[in-house]
Structures are given as structure tokens and as C-alpha cells.
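Trainee: Residue numbers (the UniProt record's numbering), protein chains in the order written: chain A, 1 to 308; chain B, 1 to 308; chain C, 1 to 308.
Heads up, a few of these hints could be off.
Since the list can't tell identical chains apart, any single copy or any two copies may satisfy a pair.
Calculated cross-link-like contacts (lysine-lysine; reagent style BS3-like; alpha-carbon spacing at most 30 Å) [claimed, not checked]:
id	residue 1	residue 2
1	K243	K150
2	K43	K21
3	K113	K245
4	K43	K232
5	K113	K291
6	K254	K21
7	K173	K259
None of these hints come from the bench; they were simulated from the model. On a predicted model such as this, the values are computed, not experimentally measured, just so you know.
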Amino acid sequence: MNLTGRHLIDPNDFTIEELQKVIDLGLDIYNNPSNYSDICRGKILGTLFYEPSTRTRLSFESAMLRMGGSVLGFSDSNTSSVSKGETIADTIRVLDGYADVLVMRHPREGAPKLASEFSSVPVINGGDGGHQHPTQTLTDLVTIQHYRGKISNLKVAFCGDLLFGRTVHSLLKTLSRFPHISFVLISPEQLKIPSHLRDEIISNTNVEIIETQSLEDHINEVDILYMTRIQKERFFNEEEYVKLKDSYVLCKDKLKNAKEDLLILHPLPRVNEINYDVDSDPRAKYFEQAKLGVYARMALMALVLGVI
Amino acid sequence: MNLTGRHLIDPNDFTIEELQKVIDLGLDIYNNPSNYSDICRGKILGTLFYEPSTRTRLSFESAMLRMGGSVLGFSDSNTSSVSKGETIADTIRVLDGYADVLVMRHPREGAPKLASEFSSVPVINGGDGGHQHPTQTLTDLVTIQHYRGKISNLKVAFCGDLLFGRTVHSLLKTLSRFPHISFVLISPEQLKIPSHLRDEIISNTNVEIIETQSLEDHINEVDILYMTRIQKERFFNEEEYVKLKDSYVLCKDKLKNAKEDLLILHPLPRVNEINYDVDSDPRAKYFEQAKLGVYARMALMALVLGVI
Amino acid sequence: MNLTGRHLIDPNDFTIEELQKVIDLGLDIYNNPSNYSDICRGKILGTLFYEPSTRTRLSFESAMLRMGGSVLGFSDSNTSSVSKGETIADTIRVLDGYADVLVMRHPREGAPKLASEFSSVPVINGGDGGHQHPTQTLTDLVTIQHYRGKISNLKVAFCGDLLFGRTVHSLLKTLSRFPHISFVLISPEQLKIPSHLRDEIISNTNVEIIETQSLEDHINEVDILYMTRIQKERFFNEEEYVKLKDSYVLCKDKLKNAKEDLLILHPLPRVNEINYDVDSDPRAKYFEQAKLGVYARMALMALVLGVI
């Protein structure tokens with residue numbers, strides 16, 4: 001099970017064992033950072049951000065710098081100067097000479113996949129349109145294992161926009177490949193997960209799925225509550241929006257029946273779907289989650305670079 | 001007197017002894033750079049520039065790189081992608097996981113102060129609106145001590161727009177806390193320093209202040225001449241502007257009665273308030289001042305990081 | 001022959017012996033990169049890109065990082081914040097305190113030359129308007145020597161827009177200084193090289209020049225085919241454009257009579273002047289050329305920094 005030279009475009013590119021290897025290494029780096037502070041000396045990360053995503057970019061950059069490597073790239077609308085009239089294939093065949101691993105963010109679905117087909121160095125998908133964002137999923141998995149010890153025997157709730165949320169889809173699919181995971185899917189009727197995704201998840205062994213419109217009905221049973229934003233424009237009408245919007249806002253009050261070791265996660269940024277009064281609750285771990293994302297990315301890069 | 005973990009938002013956050021410690025270290029680094037070229041190995045500076053300020057940003061970056069550390073951050077209008085709908089508190093609680101010290105530039109007064117309240121790592125104010133710019137003040141102090149040996153027994157003239165100039169206010173307030181400093185304040189009547197600032201300065205022991213409209217009347221007595229720009233739009237009418245503008249432009253001729261060891265400073269960029277014929281005068285030290293700013297920032301970061 | 005502290009604004013700034021020194025070092029670094037991976041430890045490259053040029057910037061950054069140095073700079077439209085009302089002379093006298101070598105890209109011809117006159121550290125021209133781009137020329141020379149062993153006794157064809165193409169002019173002039181180089185210049189009548197350039201080249205010893213409109217007539221004789229883009233807007237009328245455009249597109253078919261060791265080069269990005277079916281031809285070396293550009297820049301920076 002060697003990840004050297006591998007691309008990561010879709011979480012399904014890695015087997016469960018390979019994902020587990022990344023997760024385990026991420027947590028070992030987290031616990032013993034000084035053992036890893038120099039393993040990427042001389043290595044260069046290229047950050048190819050065809051649309052801005054400051055958090056994702058800086059998380060990758062921090063990850064590479066904390067392993068002693070360095071970073072170059074672009075992060076803004078000047079991509080016009082990268083891509084002027086040029087195909088992604090051509091661009092990548094130049095840029096893969098400048099760096100040892102590339103992370104690409106692109107507004108078009110499939111662009112990182114295409115890049116990986118022409119690159120002589122590993123390509124990591126940093127988000128392509130509404131499609132995949134596999135290192136957010138790795139971040140979520142590292143966080144779950146950090147706080148729960150292992151990724152199995154968990155009841156995981158997702159709350160918010162489950163129809164369009166890329167982060168949710170990716171984590172749902174990936175978690176369903178781990179043993180004994182069941183799901184509680186909380187959303188307005190119009191924002192339920194797509195049926196093809198539901199079918200795919202169920203086909204992974206015998207995952208149990210509960211779908212509900214109520215955040216409170218099942219909150220006492222779940223081990224993880226994964227909150228996401230509902231964008232106003234997703235609602236079909238204003239009346240519907242006004243009626244539902246508060247019911248998917250997490251507040252201290254709604255947590256009163258939740259488990260003591262519940263894990264509250266969120267991919268961030270939040271807008272108003274988690275009240276500030278929740279931040280001081282010891283079960284709120286979304287800021288720790290963002291920090292653990294650096295270690296997930298360290299592990300991933302160290303493995304595809306083959307420095308470990 | 002330990003500065004480890006401290007924020008610097010306002011020059012008043014540091015006692016005179018603490019400022020002196022930064023200044024002394026800055027000059028020691030300047031004189032013995034190789035002793036310090038590796039002290040920040042493994043440390044990361046995060047540059048959070050919510051408005052562009054290329055000079056300030058690059059000075060900080062150079063400072064960190066010259067100590068063997070590394071840098072990540074943002075510097076442009078893509079801050080929309082950082083702050084979209086998110087509070088500064090939330091942003092900082094993510095970004096403080098990516099770096100070991102943060103410098104923040106923000107158009108809104110008080111933003112760096114707010115950031116410091118939520119950050120787990122030191123926050124340095126890189127300029128907030130028209131409010132504070134403490135590392136420019138540190139730069140000025142390091143420059144004065146470099147050329148005069150110590151910061152005391154000095155007559156310091158400020159010339160230009162003393163009403164709106166953030167740099168002037170900050171340096172005036174800070175210098176007034178050092179021993180035996182007196183001031184000559186040279187400006188048009190409408191651009192005198194605000195009266196509340198005058199009162200605050202005078203309350204610091206018995207600082208002597210002379211206010212005048214003439215650049216030439218006192219130039220023979222002063223040890224330091226700190227020039228600043230007068231923006232045309234600050235004048236109340238065109239006639240006034242035409243009448244006064246040349247009288248605040250420093251030229252070789254106006255320096256003929258000045259002291260031989262006068263120190264001419266300017267926060268840069270200059271527009272036309274110092275003639276190019278002054279550049280070759282050995283008393284003109286504004287470019288050296290900009291260079292000493294790197295050492296001021298090295299010292300500050302080394303101390304708040306606790307690597308020294 | 002010491003290049004320490006030297007600027008490179010125009011390829012003519014360096015003698016043939018000095019160019020040869022850069023080329024030889026570039027190829028030695030290419031062949032033995034680990035010997036050079038730390039020679040710029042503690043050195044800082046400043047990238048001053050007053051107009052975006054992502055490829056050139058990243059090639060320089062990769063070059064510095066691969067020698068263990070670090071990078072700061074700007075690369076975007078925020079240059080307004082660098083240059084607001086300030087002269088290049090003033091800007092450079094600040095920025096040369098932040099870095100050990102500067103590369104400047106500027107839309108105005110002559111800006112890097114002016115910068116070099118005020119800088120205390122070496123300035124490299126990264127492209128100024130339609131004027132010079134000397135590190136592209138170095139890249140081309142390194143590539144030619146890599147594949148042909150030495151730069152002499154070569155018949156070199158240039159195809160495309162030879163009237164406006166900065167890259168072509170620079171390489172033509174420089175190659176004409178090497179021994180026994182002859183040229184085949186392939187272009188529409190309206191896009192022939194400027195007569196002053198033709199005269200200058202011919203004055204360099206007795207270089208032979210063939211001018212032709214046909215890509216195919218001489219392809220069997222040439223050792224190197226340097227393709228460039230013809231921009232549609234360069235044509236004098238639509239009819240002319242439609243008539244000629246395909247005749248300057250290289251395809252597999254047009255290569256059937258070419259030498260087996262032909263070297264096909266292109267400064268990139270290409271648009272459609274080389275068909276994709278040529279990419280798999282072993283004579284197509286334009287992507288390798290882009291990669292060799294990193295080594296050309298490593299050699300140049302190492303020599304002007306005097307670290308070697």
C-alpha cells in the first residue's frame with residue numbers, strides 16, 4: 001500500500017486502508033510535530049488556485065511549510081495570465097516542472113482530474129466546482145478519529161442543505177465505506193440528498209439512513225452533528241424560508257438533550273447556522289476541525305511525495 | 001520583562017522599557033545578522049492584508065525570511081473569499097492554526113484589536129484605517145537610536161499634515177514618553193495637530209512644544225526633521241493650497257542653516273515634499289529608515305515568538 | 001569573468017563567455033541538482049511583477065526555492081499600492097533592502113534598466129513591454145546546448161510573427177553572436193523581421209539569413225525550428241489571415257521531411273500554431289524547454305548573487 005506518486009481527485013480514489021493510513025499519519029504528526037518538521041526539506045508545493053479559496057490554500061501552505069518545504073503558486077484572478085488561450089494540459093506540463101506536488105482549485109468540474117492525466121507530479125484536488133473536495137473529507141475523518149478514537153460504530157447527523165452541499169456528499173459517501181456507520185439526514189423536504197446519492201450510500205453494505213426535517217427529534221442519539229449552511233437562494237419561496245430558517249440554526253438550547261460526548265462539526269465559514277453561544281460548549285469542535293485540516297494535508301502530501 | 005505571546009496593537013501597549021528592548025535587539029540584529037539568521041526556523045508568519053500595503057507587507061516578510069522562518073497569507077482584494085459573511089473572530093480562530101504570529105492590515109479601525117482578542121498566537125497591527133501603525137513607530141525609533149545613539153535629549157520637528165497623519169501622531173505620542181524630547185510642529189494653521197493629542201503629549205511630563213507655520217524658522221535648532229506629505233485635498237481652498245504648498249517642500253536650499261548631524265526622516269512614499277536634490281545630502285536618511293524597518297520587525301517578531 | 005553583483009537587462013549585457021558560463025552552470029545544476037540545493041540558503045528573491053506573468057514568475061520562484069532560498073514580492077494589479085505617486089527610483093531604493101536579488105516585469109520599456117541604476121542588489125529583467133526578455137533567451141540557449149551539445153554550427157528556423165515577437169528578436173540577436181549559426185526566417189511578407197534588426201544581425205560576422213514565406217521549403221535542412229504565435233490582429237485584413245493562418249501551423253505531416261534530430265522549440269503558451277499531434281513526436285521539446293528555464297534562472301541567480 002504505497003501512496004507515492006498518487007493523485008487524489010475523488011475520495012474514492014483511495015481505499016479505506018489508504019484513507020486510514022493518511023488519517024493515522026495525520027494524527028501522529030499532530031501529536032509529534034517535531035518528528036516531521038523537516039521531512040519535506042527541498043520539496044515545493046505548487047498552489048494552482050483558479051478561483052480564490054483562501055482557507056483551503058493557506059491550510060495547504062501551512063502544511064507544507066510545517067514540514068520544512070516551500071510553496072509557490074497563484075491564488076487570484078490573474079489566472080487569466082496563466083490560462084490565456086492555453087489548455088489545462090499545456091499549463092500543467094509546464095507547471096509540473098516548477099513543483100513536486102500540485103494542489104488545484106478550479107471552478108470547472110473535472111479540471112483537476114484532467115490535470116492529473118498530464119502531470120508528472122501528484123495532483124491534489126482542492127475543490128472543483130460543486131463536485132469534489134477530498135481534503136475537506138480527510139479533515140473531517142481526521143477530526144472524527146482524533147475525538148472518537150476510531151471511525152466506526154457511529155451515528156452521524158448532517159443538518160442543512162443536503163441537496164447541493166459538496167462537503168456533505170463527499171463525507172457521506174466516504175463514511176458509508178467505514179464499518180457500522182448510520183446516518184440521520186436533517187433538512188427541509190426540498191433540500192434532501194439526491195436520490196442517486198442515497199442509493200449509492202445504501203448500496204455500501206447495509207447503512208441505516210433516517211431522513212427527517214427536525215433537528216431536535218434525533219439529537220439525543222447522535223455521536224456527530226455535522227452542520228452546514230442553508231443559502232437563502234436555495235429556498236423555493238420567501239415564505240418557506242422564513243418558516244424554516246430558524247429551525248436549522250443550532251443553539252445551546254437545542255443541545256440540552258444531546259450526548260455529552262457529541263462532536264459538533266462544520267466545514268466553515270459559518271454564517272448564522274450555529275449561534276455564538278454554542279462556541280463555548282466543549283462539544284463544539286469546528287475550530288479544532290479547521291486546525292486538524294492542516295495535519296490531514298501534511299499526511300497526504302508526505303505520503304504522495306513519498307518522503308515517509 | 002517578557003514579550004513572548006504579546007500582541008502589539010498600539011505603541012502604548014508596550015512600556016518604554018519594552019520598546020527599548022525591541023529597539024536594542026533590532027540594532028543588534030542589524031549589526032550581527034548572521035547570529036539571527038536561523039532563530040525562526042520552523043516558524044510561520046501569517047500576513048493578513050485586508051487592504052494592500054505592499055511595503056509594509058514585504059518588510060514583514062523580509063524580516064521573517066531573514067530569520068529563517070517562512071510566510072503565508074493574502075494581500076489583495078480576494079479578501080472577499082476570506083471574510084465572506086464571516087466575522088473577524090471566526091476568521092482568526094481558523095487562521096491562528098496556520099501560523100505562529102499574525103500581522104493584520106485592515107481598513108477598519110479596531111479590527112486588529114478585535115483579532116487579538118480571539119487569536120491564540122501574537123497579533124501585530126500592520127495599520128488599521130487612520131488609527132495606529134505601531135511598527136512604523138518602531139522603525140522610526142530604531143532609526144533615531146541607530147543614528148543618535150539613544151532616544152533622549154532631542155529636538156524633533158514634524159513638518160506637513162499634522163492633523164490627519166497617523167504616522168506623526170503615533171511617533172509624537174511615543175517619543176513624548178522618552179526623556180527630554182521637545183517638538184517643533186510645522187504645518188499650515190488648518191493642519192495643526194488635534195488639540196486632544198496636544199493635551200495628551202503635554203501631560204507626559206513637561207514636553208516642550210513649539211507650533212509654527214514656517215519650515216525655516218527653527219530648522220537650525222532641530223536634531224530630527226520628520227517630513228510628511230500634505231495631500232492637496234486636505235486644503236480648504238485652491239488659493240490656500242497654491243500659496244502654501246511650496247513652503248513645505250524640503251530642498252537643499254532650506255537646509256543650509258540646519259545642523260550638520262540633522263537626521264531627515266520620512267515614512268515614504270514621498271510625492272514631492274522632498275526635492276530629489278536632497279537625496280544626496282548625507283543627512284537624508286529616509287531610505288536607510290525604510291531598510292531599518294526590517295530589523296525593527298525582526299526584533300519584534302523574535303520577541304513575541306519567544307525565540308530569543 | 002565574475003558575474004557577482006551584475007544586472008541582466010539585455011542579453012547584450014553579457015559577453016558570449018559570460019552567457020556560456022551561465023549555460024554551462026545551468027546544465028550542471030540540471031544534471032546534479034543535489035549539489036546546489038542549499039547554495040542560496042538565507043538569500044531572498046524579490047519578484048516585482050508590475051504586470052502579471054505567472055509562468056515567468058513561477059519559474060524564477062521555483063529556481064530560487066530549489067537552491068534553498070526564499071521569495072517575496074508582488075504579482076498583481078495591486079501594484080497601485082507600490083507605485084502610488086512614487087517613482088521607480090524611490091520604490092527600488094526601498095525594495096532593495098528587502099531582498100538580495102530582484103526580478104522586475106514591467107509594461108514600460110526601460111523600467112528594469114532604470115531600476116538597475118538605483119538598486120544596490122542585482123536586477124534581472126523579467127520582461128519590459130515589447131522590449132527585452134533575456135531569461136527567455138537564456139532558457140532557449142540552455143535548451144539548445146542540452147540537446148545539441150554546443151551552440152555552434154546550427155541552422156535555426158524561426159516561424160511565425162517575426163516583426164513583433166520580442167522572444168524571437170532577442171534570441172536571433174544573441175544566437176548571431178555564437179559561431180557558425182545561420183537562420184531561416186519563415187513568416188508572411190508583412191511580418192518579416194524589422195530591417196534594422198536584420199542589419200544588426202548581419203553585421204555580426206557573416207551570418208547567413210534566408211527569408212521565406214514557406215514553412216515547408218527548408219524544413220529538411222534545419223537543426224532547430226522555433227515556432228511562435230501569429231496573432232490574428234497582426235494581419236492587415238481578414239482575407240489575408242484566412243489564406244495564411246494554416247500555413248504556419250506545424251503538424252505531423254509537415255515534419256515528414258525534417259531531420260531526425262530536429263529540435264522543435266516554442267516559448268509557450270501556444271495557441272494553435274503547433275497541432276497536438278506533434279506533442280508525441282520525440283523532436284518536440286517545448287515542454288522540456290520550459291522546464292530547463294528553471295535551471296537557466298538558477299544559474300543566473302547563483303552567479304549574480306556570487307554564491308558559487
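Trainee: Taking the earlier hints as the rules, which of them does this structure contradict?
Mentor: Numbers 1, 3, 4 and 6, in rising order.
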